[in-house]
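Using the sequences and the accompanying hints, generate a full structural model.
What follows is each chain in one-letter form.
Number of protein chains: 2
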Amino acid sequence: MKAEQLDTPSLLIDLDRMERNLKEMQALADSAGVKLRPHTKTHKMAEVAQLQLEYGARGITVAKLGEAEAMAGAGITDIFIATEIVGEQKMVRLRSLAEKAKVRLAVDSIYHVEQLDRFFGDQVPVEVMIEVDTGMHRCGVEPEEAVELAGEIVSRFPQVKLAGIFAHEGHTYNASEKEEMKQIALDTQKQAVETGKQIEAKWGISCEISIGCTLGQLAGEFLPGITEVRPGTYVFYDVGHAYYLGDINRCAATILSTVTSKKGEEKVVADAGAKSMTIDQRSSGVLKTEGFGKIKSHPDLMIKKLSDEHAIIYPGGSLNLGDRIEIYPNHVCPTVNLYNKAYGIRDGRVEKILTITARGCNQ
Amino acid sequence: MKAEQLDTPSLLIDLDRMERNLKEMQALADSAGVKLRPHTKTHKMAEVAQLQLEYGARGITVAKLGEAEAMAGAGITDIFIATEIVGEQKMVRLRSLAEKAKVRLAVDSIYHVEQLDRFFGDQVPVEVMIEVDTGMHRCGVEPEEAVELAGEIVSRFPQVKLAGIFAHEGHTYNASEKEEMKQIALDTQKQAVETGKQIEAKWGISCEISIGCTLGQLAGEFLPGITEVRPGTYVFYDVGHAYYLGDINRCAATILSTVTSKKGEEKVVADAGAKSMTIDQRSSGVLKTEGFGKIKSHPDLMIKKLSDEHAIIYPGGSLNLGDRIEIYPNHVCPTVNLYNKAYGIRDGRVEKILTITARGCNQ
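In order, the protein sequence lines correspond to chains W and B.
Residues in the first sequence are numbered consecutively from 1, following full-length UniProt numbering.
Residues in the second sequence are numbered consecutively from 1, following full-length UniProt numbering.
Everything labelled a hint here was simulated from the structure, so no lab data went into it.
Quick reminder that beta carbons are idealized off the backbone N, C-alpha and C, glycines included.
Hints may contain errors.
Label pairs and their computed distance ranges (CB to CB) [stated by the list, open to error]: (1) W:Asp323 - B:Asp78: 47 to 53 Å; (2) W:Lys304 - B:Gly204: 38 to 44 Å; (3) W:Glu152 - B:Gly246: 46 to 52 Å; (4) W:Tyr55 - B:Gly246: 56 to 62 Å; (5) W:Glu266 - B:Met91: 23 to 29 Å; (6) B:Lys288 - W:His137: 21 to 27 Å.
In structure tokens, the structure reads:
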């Protein structure tokens, strides 16, 4: 079946581009001697996670316990849940998950460790990773607090295995240009390495020192001491990342859409809106983009407005009613999460259907 | 089961509030003598659509053929698809749909009618409604073009039943205050009525004159000649609409979320982000809101940042790790579309599970 025979809107994955993206990031990690533990929040597809492992990844990262359950259900056995989780339901589910996979869990307070102790007692079935806030100011503790927290875990909860520390250099996205971005990425690495080394020296444990963020990894440099990286978006990239890389053809995900309304030369309307690619605009920072996605092979056109089910495209002269277009999304992660399946395309033909295994697994 | 025992994030529907919203809009339509054909894009739940019909609605509106299929599959038999659809796959599906339900379809070009003629010949199984652009400038033709298009349909395609015209006063959302909003709403009605009357006079057909938009309907006035209204968001409302109504307690949908990270008095982080309630901000117009949703019973707190899986809430003093909060979303329509199910709550207890029948049916 040809891709153009698919109904619209559909999520298409260019398999050649995706495989190149995966191989290049694996090669980067390998050449730096760091483990790659890709964040699967972007694709949420067990089949793609398996491919990442096949290419050399050491386990995967997920954002949610629900994503971990979906991936473990598909046979993946080494999973880092990179957010703090709280609540008794979560602990019950964690127990079942830990029977299927080796699990690491984020903590940024002794509260999270007390919760494990309270629920599991001497049989805590997961390892913990302390989240360090290196400047993104979302979750995590300051570096010096991380050292103290490590000490409290080691002394009060000897049955809890502290596997290491992790940071997310997501504030690289706030940088206004490449050099600033690189400095932020390296500053995160420096703080992470120093924190990990202090914990090792002070508490006598061996520390995983994990950082992760596609943009940060595009800086291409890893400080000695970094042991693990967790980029996610690189599997498909999106408009902002492609501009950063100087090549829109690095984008592996598009939304196939049909022109359904036309007003002369002025504009056309296509059948993919915010419910097919999100309204996220990346309106500032180094990946700043204009409009709501870019149209493949039509760099002159702009999606100026987006409502829930319509993309409004200016000017309209070069497109006609019934034309098929492919739209590169601005932010691919929430876009993929809108679909139950994607079509894997090679040489213009549908090679396979990719199930979005963890779609909507937000618990 | 108590609502607070649910895992998080979960989508909760306050059934008392929802039923009040439904009854009040039905009463408004009844008192004005217009048919209510609610847009089900907001809730996408067959069970709620059935309730709307039970309360007096005359059929439903959907945005997509896929939504129509989902609703027809659940037994709903009178459906208006309020967007233009294009493509042979769509025509094949339309044929099957029309065997289950009476279907009306949007057109804004003779192209759409030619498509029906080409595919169905003399046996066109659906009626068409001409979309009139009264100022929103998305789809639709100008009023005078609508009259011409009606003539072309009547003369060239006598086998196609032209049921009437419709407009969407979505540009009411651009108004900066209530009086301006009301003028826009009434201006749409005026244009719609005049267009419909001209078509009736010129081509001798009886015309449905349909308008629809929750905000426009909140103006509370219908000009003589309007025969049908299609509001959607009123089923749940959301933060902007509630402010417009002067009462946040009109919001019937919330996201139940857990505080998972805390930084002293400064801030807390909850486990519901853009993948649980969208990043849509309604950043301008009469429903303008600050932040990314409002927290029930905590009007002093602000969700200042939202990433895919985190809500970052300032200040953090009044919330603690493990606390449950309910968040009213800024834009409820794309929020509901992220979930496969919602929990119907009454008096703090889970009364039922509501399947989001048409979730993700964007084709």
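How the hints compare with the structure:
no.: 1; hint: W:Asp323 - B:Asp78: 47 to 53 Å; result: 32 Å, violated
no.: 2; hint: W:Lys304 - B:Gly204: 38 to 44 Å; result: 40 Å, holds
no.: 3; hint: W:Glu152 - B:Gly246: 46 to 52 Å; result: 49 Å, holds
no.: 4; hint: W:Tyr55 - B:Gly246: 56 to 62 Å; result: 57 Å, holds
no.: 5; hint: W:Glu266 - B:Met91: 23 to 29 Å; result: 27 Å, holds
no.: 6; hint: B:Lys288 - W:His137: 21 to 27 Å; result: 26 Å, holds
Figure legend: structure checked against the earlier numbered hints; the only hint not met is number 1.
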